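**Q** Following my numbering, the numbering of the sequence shown begins with -15 at its first residue and continues without gaps.
No wet-lab data here; the hints were simulated from the structure. Predicted model, so just to flag it, every value in this text is computed and none were measured. Cβ atoms here follow ideal geometry from the backbone N, Cα and C, with glycine treated the same way. Be aware that one or more of the hints could be misleading.
EDC-like cross-link-like pairs, simulated, lysine to aspartate or glutamate; straight-line CA separation at most 20 angstroms [said to hold, decoys possible]: (1) LYS31 <-> ASP114; (2) LYS31 <-> GLU12; (3) LYS31 <-> GLU160; (4) LYS31 <-> GLU44; (5) LYS31 <-> ASP73; (6) LYS31 <-> GLU1; (7) LYS31 <-> GLU179; (8) LYS31 <-> ASP129.
Pair by pair, the computed Cβ-Cβ distance ranges are [stated by the list, open to error]: (9) ASP101 <-> ARG207: 42 to 50 angstroms; (10) ALA98 <-> ALA246: 37 to 45 angstroms; (11) ASP131 <-> GLY155: 21 to 29 angstroms; (12) ARG85 <-> GLY174: 29 to 37 angstroms; (13) PRO221 <-> GLY21: 22 to 30 angstroms.
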Amino acid sequence: MNATSTGALLLCRADPETVRPLAHLLREQMLLTRAGGEWSVLVPEGKPWRGAGPSGGDPEPVDRVIGGWATALAVGSTWPVLALWWDADRAGYTLAAGFRRPVGYTWLADGTPAGEDEAMRTFAARLGLDPVLDLQALEELTRPDPDADAEARLRGLLAVLTRTGLTLPTGLGPGESADRLRSVAAVQRGAERVEWAGWRDAVRVELDAVESGSLGPWVRGPRARAIAAAQLAAGLPLLLWGARRRSGGWAAAGAVLLAQGALGLAYHRARAAAETR
C-alpha cells in the first residue's frame, strides 16, 4: 500500500432498501449498492479523514471516521455494520452491532497482527459464523505470516464472510484508493447516491424506516387505525364514568386512551397528507 491507497467501506448486513433510510442520517454523501443476497455496501464519496478534525486541528484517522459511522448506523438498526479501512501504515476493521461495544482488529502494512485474539472470537460470534471452521480461518489471520500484507489479511477476512452471502463487486476491495472505490461503485447496477437533504426529509426518512419495520403495522395502516378507533371508543365512556364517580384514576386512564387514539388518527392523516404533496 502507498499514501494514495487510503480507503474505506461500510458493509451492512441488510438489503439496500433497509439500509437507505438510516444511511441518510449520517449526513454524508455516499454511494449505496448491493453486495450479495444479504449485504449492502456504502462507499464514501468524500474523504473526511483528509480534512481538518472536528476542532479544526489535524484530520482524524480513517479508522476513527469510518468506525464512528459504523457505530451510528448499528445503534439505529437491527443488523450489524462492518467498517473496513486501510491507509499507508495500517489496515483493519470495526464491527458494530446495536448498543454493544464495537470490536475491531488492526494489522500493520506488512501484515503484522496488532490486535487482540479475543476480537476475532467476538467477531465470529456476533456474525453467527461457524465456531469451528470459520473461527479457525479467522484465527489464522492473527498469526505471523511473512507472505501476507495488510491487504491480504483483509481479503482473507472477506473470504470468510462469503459464506454469509457477502459478494463485493469487482474493484471494491482492500487496497483501492477512495477515488477508485467511488468510481467502481457508481457504475454498479442499481447503485444510488445517498446524501443529506435537511431535517424535514430526515424525519420523514426515519418515519419511513419505522413504518417499514416490525412496528409498522402498529404505527400506520388498517391495524393502527383500528387500534386508534378502539382507544377513542373505550376512552370516552371511561373518562365520563370516572368523572361521574369522581375517580381520578379512571378518568386519567380514559383521558390517556382518548389522547392516544386521537394522536394515532392524526398521525395517519398527517402522513397521508405529506405523501400527496
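**Q** Now look at each hint and say whether the structure bears it out.
**A** The hints, checked one at a time:
1. LYS31 <-> ASP114: Outside the cut-off at roughly 35 angstroms; violated.
2. LYS31 <-> GLU12: holds (10 angstroms)
3. LYS31 <-> GLU160: With a Cα-Cα distance of about 14 angstroms, the restraint between LYS31 and GLU160 holds, given a limit of 20 angstroms.
4. LYS31 <-> GLU44: holds (11 angstroms)
5. LYS31 <-> ASP73: holds (17 angstroms)
6. LYS31 <-> GLU1: violated (25 angstroms)
7. LYS31 <-> GLU179: Judged against 20 angstroms, a Cα distance of about 15 angstroms means the pair holds.
8. LYS31 <-> ASP129: Not satisfied, since the Cα-Cα distance of roughly 31 angstroms exceeds 20 angstroms.
9. ASP101 <-> ARG207: 42 to 50 angstroms: holds (49 angstroms)
10. ALA98 <-> ALA246: 37 to 45 angstroms: violated (58 angstroms)
11. ASP131 <-> GLY155: 21 to 29 angstroms: holds (24 angstroms)
12. ARG85 <-> GLY174: 29 to 37 angstroms: holds (34 angstroms)
13. PRO221 <-> GLY21: 22 to 30 angstroms: violated (52 angstroms)
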